[in-house]
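Visitor: Line order of the protein sequences matches chains S and B. As numbered in the UniProt record's numbering, the first sequence has no gaps in its residue numbers, which increase by one up to the final residue, 452. As numbered in the UniProt record's numbering, the second sequence has no gaps in its residue numbers, which increase by one up to the final residue, 452.
There may be inaccurate statements among the hints.
All copies of an identical chain are treated as equivalent in the list; a pair is satisfied when it fits inside any one copy or across any two copies.
Here are the computed lysine-lysine pairs in the BS3-like style, where the Cα-Cα straight-line distance is at most 25 Å [said to hold, decoys possible]:
#, residue 1, residue 2
1, K328, K42
2, K328, K347
3, K42, K145
4, K389, K42
5, K183, K389
6, K389, K73
7, K115, K145
8, K317, K328
9, K42, K115
10, K317, K347
11, K294, K389
12, K45, K389
13, K183, K45
Just so you know, these hints were derived from the structure itself, not from any lab.
Protein chains: 2
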Amino acid sequence: MALRSILNSMCLGNRAACCRFPLHPPHAPVRRASCQPRSGFKPEKVAVVTKTTRFEFELQRYRYAGLAEEDLKQLLALKGSSYSGLLERHDIHTSNVEHVVRSLERAGIEVQLVKRGAYNEEVVRWADAIVSAGGDGTMLLVASKVLSKDKPVVGVNTDPERSEGHLCLPVRYTRAFPEALDKLCRGEFRWLWRQRIRLHLEGTGINPTPVDLHEQQLSLEQHSQAHRSDSQQRSGTLHQSVSTPSLLPVRGLNEIFIGESLSSSPSTSSMLTCPELIRASYYEISVEDGPWEKQKSSGLSICTGTGSKAWSYNINKLAEQAVEEVLKIGRSQAGMDVPLSREFIEKVTDEYNQSLVFSPDDRRLLFSIREPIVNRVFSSGRQRGFASKSVRARSVWTCRTGPVLTGLSLCATAGCVCARGAGTPAWWWTEGRPSSSTTEPSPPSAPVRRTS
Amino acid sequence: MALRSILNSMCLGNRAACCRFPLHPPHAPVRRASCQPRSGFKPEKVAVVTKTTRFEFELQRYRYAGLAEEDLKQLLALKGSSYSGLLERHDIHTSNVEHVVRSLERAGIEVQLVKRGAYNEEVVRWADAIVSAGGDGTMLLVASKVLSKDKPVVGVNTDPERSEGHLCLPVRYTRAFPEALDKLCRGEFRWLWRQRIRLHLEGTGINPTPVDLHEQQLSLEQHSQAHRSDSQQRSGTLHQSVSTPSLLPVRGLNEIFIGESLSSSPSTSSMLTCPELIRASYYEISVEDGPWEKQKSSGLSICTGTGSKAWSYNINKLAEQAVEEVLKIGRSQAGMDVPLSREFIEKVTDEYNQSLVFSPDDRRLLFSIREPIVNRVFSSGRQRGFASKSVRARSVWTCRTGPVLTGLSLCATAGCVCARGAGTPAWWWTEGRPSSSTTEPSPPSAPVRRTS
Chain S
1 MALRSILNSM
11 CLGNRAACCR
21 FPLHPPHAPV
31 RRASCQPRSG
41 FKPEKVAVVT
51 KTTRFEFELQ
61 RYRYAGLAEE
71 DLKQLLALKG
81 SSYSGLLERH
91 DIHTSNVEHV
101 VRSLERAGIE
111 VQLVKRGAYN
121 EEVVRWADAI
131 VSAGGDGTML
141 LVASKVLSKD
151 KPVVGVNTDP
161 ERSEGHLCLP
171 VRYTRAFPEA
181 LDKLCRGEFR
191 WLWRQRIRLH
201 LEGTGINPTP
211 VDLHEQQLSL
221 EQHSQAHRSD
231 SQQRSGTLHQ
241 SVSTPSLLPV
251 RGLNEIFIGE
261 SLSSSPSTSS
271 MLTCPELIRA
281 SYYEISVEDG
291 PWEKQKSSGL
301 SICTGTGSKA
311 WSYNINKLAE
321 QAVEEVLKIG
331 RSQAGMDVPL
341 SREFIEKVTD
351 EYNQSLVFSP
361 DDRRLLFSIR
371 EPIVNRVFSS
381 GRQRGFASKS
391 VRARSVWTCR
401 TGPVLTGLSL
411 CATAGCVCAR
421 GAGTPAWWWT
431 EGRPSSSTTE
441 PSPPSAPVRR
451 TS
Chain B
1 MALRSILNSM
11 CLGNRAACCR
21 FPLHPPHAPV
31 RRASCQPRSG
41 FKPEKVAVVT
51 KTTRFEFELQ
61 RYRYAGLAEE
71 DLKQLLALKG
81 SSYSGLLERH
91 DIHTSNVEHV
101 VRSLERAGIE
111 VQLVKRGAYN
121 EEVVRWADAI
131 VSAGGDGTML
141 LVASKVLSKD
151 KPVVGVNTDP
161 ERSEGHLCLP
171 VRYTRAFPEA
181 LDKLCRGEFR
191 WLWRQRIRLH
201 LEGTGINPTP
211 VDLHEQQLSL
221 EQHSQAHRSD
231 SQQRSGTLHQ
241 SVSTPSLLPV
251 RGLNEIFIGE
261 SLSSSPSTSS
271 MLTCPELIRA
281 SYYEISVEDG
291 PWEKQKSSGL
301 SICTGTGSKA
311 WSYNINKLAE
321 QAVEEVLKIG
331 RSQAGMDVPL
341 SREFIEKVTD
351 EYNQSLVFSP
361 DDRRLLFSIR
371 EPIVNRVFSS
381 GRQRGFASKS
391 VRARSVWTCR
401 TGPVLTGLSL
411 CATAGCVCAR
421 GAGTPAWWWT
431 EGRPSSSTTE
441 PSPPSAPVRR
451 TS
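Chain S extracted, bound-state conformation (with noise of 0.2 Å):
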């Protein structure tokens, strides 16, 4: 079944959208789905989420474990004096947010201002559009709830110097939101598709709700907790199981990871297995309703074309030392004389690495079998490749591990999990002239102003 989903995101000039992504991908064409809507969308309500800032994270990590806030200055100050340095971040966070809200109120917008860890479906409900205040994590965090294609999502970086902020504004809207929201109200903006990931549980012993990882940063054992308690209220129904697969109310924007969301490396026979703490992913993964095959790795990977620039680069991508010696071997081995000057290792790696990256608009997903572990029992079928139709993994998982959706983690004791296309892309507004052809249907009308 070809669902869609749709994310509006507003996007002006994101680089990600527009310029990043060359036309690589080699089985499929790439689909420019870049059209102008009709009209321009000005939002009643508007929910601005904030992301919690690292000053406000370790203020309430010392005062979790008791500790006084002249004590935090101390032990941060033996950090290495980073307290003056993380409350400089935090406060330039606090005033982008400040700016954001007035330009909103000063639209005549009535703005509930949301901190993350309050961010759920009610708020979605609520807001004509939900602007995320902080980077990518918390971009990411707030487009996972938006199930609908009438809600524009727009990312406010509140802290260029130290954040990428590939899915948010241009930097230079941080401080010239008004303008940004201008083109919104005057329909100066493009949409984009962005396939996004649907997520399917079956097994038993599954807690579908997901736990905000971020949320759960305070504390592990709150993190631990959360999934344990509910599988203790689920301990008096030991027979429950999931028979049909359960589509989870979240959308993978970037990536689906799977595997033990603590696991920090591959447990070769050689390494120290915890179970906790340091352990490879025994699973089995079928791609495309395929046959199943066994994997010991750390993780598997499953992104989409957005996500290929982010975390599944980084699993695949090559240095220019591995490649070069690559080459030196193969020359080597081919009884070759053939000269291999810095510029070329440097051509032939970026292009291997670009190679890694696809178009947000593809429909296919990406999936990147990491670090993986080959001996007599596990075998080395391909480290990764497209699916157009689904990813399957399926394993036994313990309560603190399973499937991690670009920081929610979901707690599934014995089961298959399946990524799908998310069905509706998420459509994600671009700046500038739109492209001259499309072969796609007409994007939906702009989201409906709402009547109070």
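Chain B: place on chain S using the hints.
Guide: For chain B alone, coordinates are given in the frame of chain S:
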């Protein structure tokens, strides 16, 4: 300073020691330091350290969660009926441990059976020799606490069907342990160097007592508590700092992993940053006491020759798929028309991957930056390389992070970690005839028979 730490380990015909390391390291000749002992060795007191089986782990975990054993059975059944499977592996392990213990006792040797959680310096002091009864992980832990050169360590693989046992005796000795004892007594073994890693910590808020991650596996709460209670104890002395590097009472046989011990992914600009669970490590690295270089990655691995077949290998190895792609691009960029047969690609891949492995007696360390993130802030220096003197890393870590020595987690809030070749290499006993020439000094005489 070229101090060495010797680990006397018995390894009869261990494949890792004898056959698997091609003479590849390009910078230094491999020293085949392999010598026949002058006499046999008969210990009077042997400690047998056993692993915790998966079955025991699950049992303890659910007891900790307050579930009865019946519930455990049901829960495991829901997970895929692995209860009987786990029990089976547990019984196999237990039976093999009993065989080892009985063999030692029949040889008139006093035996102390110790669970790995109870294994400490006192046990090491008491014993003349130590038998590790488990897999490679147990072997690594057992070896890590043996600092003296007079203490042989013997690894018995108690579940050959499930465990690779690279560092253990060949599988045939698992049920024929008296034969191994025999060879030991008759001196029918060889010494082989295994270089290890010394670790210095310097900085503030350091708790130099390693926390055994494996023993913390029952509960992350315990793990963080173990670190936190120490830091709370220290919170009364917030100005405590370690001005001189503190040498840790452990030795790394495989590798040191430095970074967020809970990091499972790089935190790119578009990933959710979640400080406690999924994030990149920010640190600086200095090789051979050279200039400091900023890095952001999934961590830093520093391994020995022994460890070059382990985690480091999985971090660095390439899949045929990647090698094929590089060669194709290279061919295309060079405008050449060279056939790339499956066989050719396999050969290049194998040669590349083999080059990642070096000899256990090589004194160098190999550092690898895992999933480096390169952007406007972080440089793209070498992704990996050798060091003969030292590799240093410095950062600000939280209490749940910091350097990980193959399963031991070290807590330092702000610090510099310095890994050096571990002084005296570990002597490893191997089966077979000694090599005819060696330029190495004679090995220490076989451990003296202790008088009671």
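Visitor: Evaluate each hint against the coordinates.
Guide: To see whether the hints hold, each was checked on the structure:
Neither within a single protomer nor between protomers do K328 and K42 lie at most 25 Å apart by alpha-carbon distance, with minima of 59 Å and 51 Å respectively. For the homomeric pair K328 and K347, the shortest alpha-carbon distances inside one copy (15 Å) and between copies (13 Å) are both at most 25 Å. In this assembly of identical chains, K42 and K145 lie within 25 Å of each other by CA distance solely inside one copy; the values are 21 Å within and 67 Å between copies. Taking identical chains as interchangeable, the C-alpha atoms of K389 and K42 are never at most 25 Å apart, the minima being 37 Å within one chain and 64 Å between chains.
In this homomeric assembly, K183 and K389 never come within 25 Å of each other (Cα to Cα): the closest approach is 37 Å inside a single copy and 59 Å across copies. Taking identical chains as interchangeable, the C-alpha atoms of K389 and K73 are never at most 25 Å apart, the minima being 52 Å within one chain and 37 Å between chains. Taking the shortest Cα distances, K115 and K145 sit within 25 Å of each other inside one copy (14 Å), while across copies they are farther apart (48 Å). Taking CA atoms no more than 25 Å apart as the test, K317 paired with K328 passes in both settings, with 19 Å inside one copy and 16 Å between copies.
With identical chains, the CA atoms of K42 and K115 are at most 25 Å apart within one copy only, with a shortest distance of 23 Å there and 68 Å across copies. In this assembly of identical chains, the alpha carbons of K317 and K347 lie at most 25 Å apart whether taken from the same copy (14 Å) or from different copies (22 Å). For the identical chains of this complex, K294 and K389 are intra-copy neighbours only, at 20 Å inside a copy versus 41 Å across copies, given an alpha-carbon limit of 25 Å. Taking identical chains as interchangeable, the C-alpha atoms of K45 and K389 are never at most 25 Å apart, the minima being 37 Å within one chain and 62 Å between chains.
Taking the closest pair of Cα atoms, K183 and K45 come within 25 Å of each other only inside a single copy of the chain (17 Å); across copies the shortest separation is 82 Å, beyond that limit.
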